[in-house]
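Chains as they are written, first to last, in our numbering: chain A, 1 to 282; chain B, 283 to 568.
Keep in mind the hints are simulated off the structure, nothing from the lab. Careful: at least some of the hints might be erroneous.
Stated by the list, open to error - If we take Cβ atoms under 8 Å as the criterion, some of the chain B residues that face chain A in the derived model are:
no. : residue
1   : F304
2   : L387
3   : W394
4   : T507
5   : Y532
6   : I559
Backbone N, C-alpha and C fix where the C-beta goes; we use that ideal spot for every residue, glycine too.
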Amino acid sequence: MLAPTLVYIALLVALPFLLAVFLSLTNSSAGSLEFSFVGLQNFRNVIASAVFRRALGNTFVFTVVSQFLVIVLGNILARALMKNFRGKSLARFLILMPWAAPISLATLGWLWIFDSTFSVINWVLKVSGWLGPGQWYYWLGDPTLAMAAIIVIHVWRMLPFSTVIILAGLTSIPNEVHEAADIDGAGYFAKTFRVTIPMMMPILTVAVLFGAVFTFTDMSVVYLLTRGGPYNSTHVLASLAFQDGVLGGDVGRGASIAIFLLPVLVVMAILMLRTSRRAEVV
Amino acid sequence: MGSRAARRAAGVLIHRAVILFFIVFAMFPFYWMIVTSFKQNADLYVGATNVKHNPFIFNLPPVLDHVKMLFYQTLYPTWLFNTLWVGVVVVAVTLVLAVPAGYSLARLTGKWGERLSIGIFLTYLVPSTLLFIPFSRLVSLLGLQNSLWSLVLIYPTFTVPFCTWLLMGFFKSLPKELEESAMVDGCSRVGAIWRMVLPLSVPGLLTVVIFALTLVIQEFVYSLTFISSVQRMTVSVGVPVALVRGDVYYWGSLMAACLITSVPIAIVYNLFLDRFIAGFTVGAVK
Chain A
1 MLAPTLVYIA LLVALPFLLA VFLSLTNSSA GSLEFSFVGL QNFRNVIASA VFRRALGNTF
61 VFTVVSQFLV IVLGNILARA LMKNFRGKSL ARFLILMPWA APISLATLGW LWIFDSTFSV
121 INWVLKVSGW LGPGQWYYWL GDPTLAMAAI IVIHVWRMLP FSTVIILAGL TSIPNEVHEA
181 ADIDGAGYFA KTFRVTIPMM MPILTVAVLF GAVFTFTDMS VVYLLTRGGP YNSTHVLASL
241 AFQDGVLGGD VGRGASIAIF LLPVLVVMAI LMLRTSRRAE VV
Chain B
283 MGSRAARRAA GVLIHRAVIL FFIVFAMFPF YWMIVTSFKQ NADLYVGATN VKHNPFIFNL
343 PPVLDHVKML FYQTLYPTWL FNTLWVGVVV VAVTLVLAVP AGYSLARLTG KWGERLSIGI
403 FLTYLVPSTL LFIPFSRLVS LLGLQNSLWS LVLIYPTFTV PFCTWLLMGF FKSLPKELEE
463 SAMVDGCSRV GAIWRMVLPL SVPGLLTVVI FALTLVIQEF VYSLTFISSV QRMTVSVGVP
523 VALVRGDVYY WGSLMAACLI TSVPIAIVYN LFLDRFIAGF TVGAVK
């Protein structure tokens, strides 16, 4: 009864995956089924391109910075949600909203928030006096600000997901452990670093790895917010692969850019398997 | 007031402030969608340089113009219909593939069962951004470009692995004796699953239906790659790509579309969230 699923996955995940590797070694282009092998030429061309190197760097910057923020904020938020308070379930519901909304539509909402003329952020900064007369932030027109905007959206979207996972981890630590540590005279910091964090490690790893995979491979945020601009300064691997491989029609080049996602994904998958094995379940 | 009481009060205050901060951060874009959807254009397009005009509130009475325009003058209803059509078909395909697979994995013990189930879960992590280029080849080879059938063919690549994994966990919680006793009474294995296991699995099946449906509605990359005519787009692509005319953004209608699509999904999703998280954290939480 497993066979249909295995056949489907073999045909539509494994095979296309191999096809992606294969295409990256050819000069195939959209609209034509003829192609010839070019060996590693695509990879050489891609690596020589400054836009690609910037995109590769951006992909890591976006992933690392946003995941760092997500884990720090997620821990604070999860601890706050551990306590009982009135309206807790409503608060939880509202805080989780960003994860459920379709990312393309949520990004559109942010695009309007970061609008060059009507940005509500600028209005607040203007009113509070941060922006003096004649001063203005063009959020998506400046490479640094645009990168910050992209990171904000990634944090906004992944924070609920990580918070819920961390919350599951916190609630799974039995109270007796904390009591035992109290009896042994452990202070707040000793308890945090010697008890809570070690016991939370597997779950934190899961939260980070999933968050990292989703952020690392995402193209919708960049594609819809900046289209990789200004001047191709905010592209990530996925959006550049789309621009060159689908919009530009250079299938071989697009495939070779997307292949660069692979090493990181493999490392994450291995880490994930290790974590789950260490927890002795699965 | 003693210093202990003061410290407690400060603690409560900080706790409230932290919660409030995160609620504002999470909800602001949705709040902004609501405000934008119902504002008059004269109230909407003032420009942030005007410090006297507070953009957070309705300075002029709210109107339904943008919502009316969205439903009567754009293809939004068509996109909704397309999305639901794809969603229903994909859910059906997903159930047909994932229920037997999840059941088999739940009952298949030993090393191979374990390896297979992890293998299937890992395919969920293969991102659409790695596969969309070979898929676009495959889709045009099959003559499915610009057809919703391409999405029906491809979407199960992410719904099936995740749903199989969720269902496996669910079936594992049902005792094996259930089918065994039915089989002793003369049922075939398929009969035993149909009569004994599935009726008890309705909550699990419902969860899977909800998640497959929300994953379909959220999907962006494949839909953007394969569908080019505006009439055949799904909501997640039609709204950001085709609702913008040239360089003109109809922000009122755009935000109304985002709001109307996102909120129902978010509500349903939240109801089933705990199960979803359980699917991710199997193994890391004891």
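Verification of the supplied hints:
no., hint, in the structure
1, F304, "5 Å, holds"
2, L387, "7 Å, holds"
3, W394, "10 Å, violated"
4, T507, "6 Å, holds"
5, Y532, "11 Å, violated"
6, I559, "5 Å, holds"
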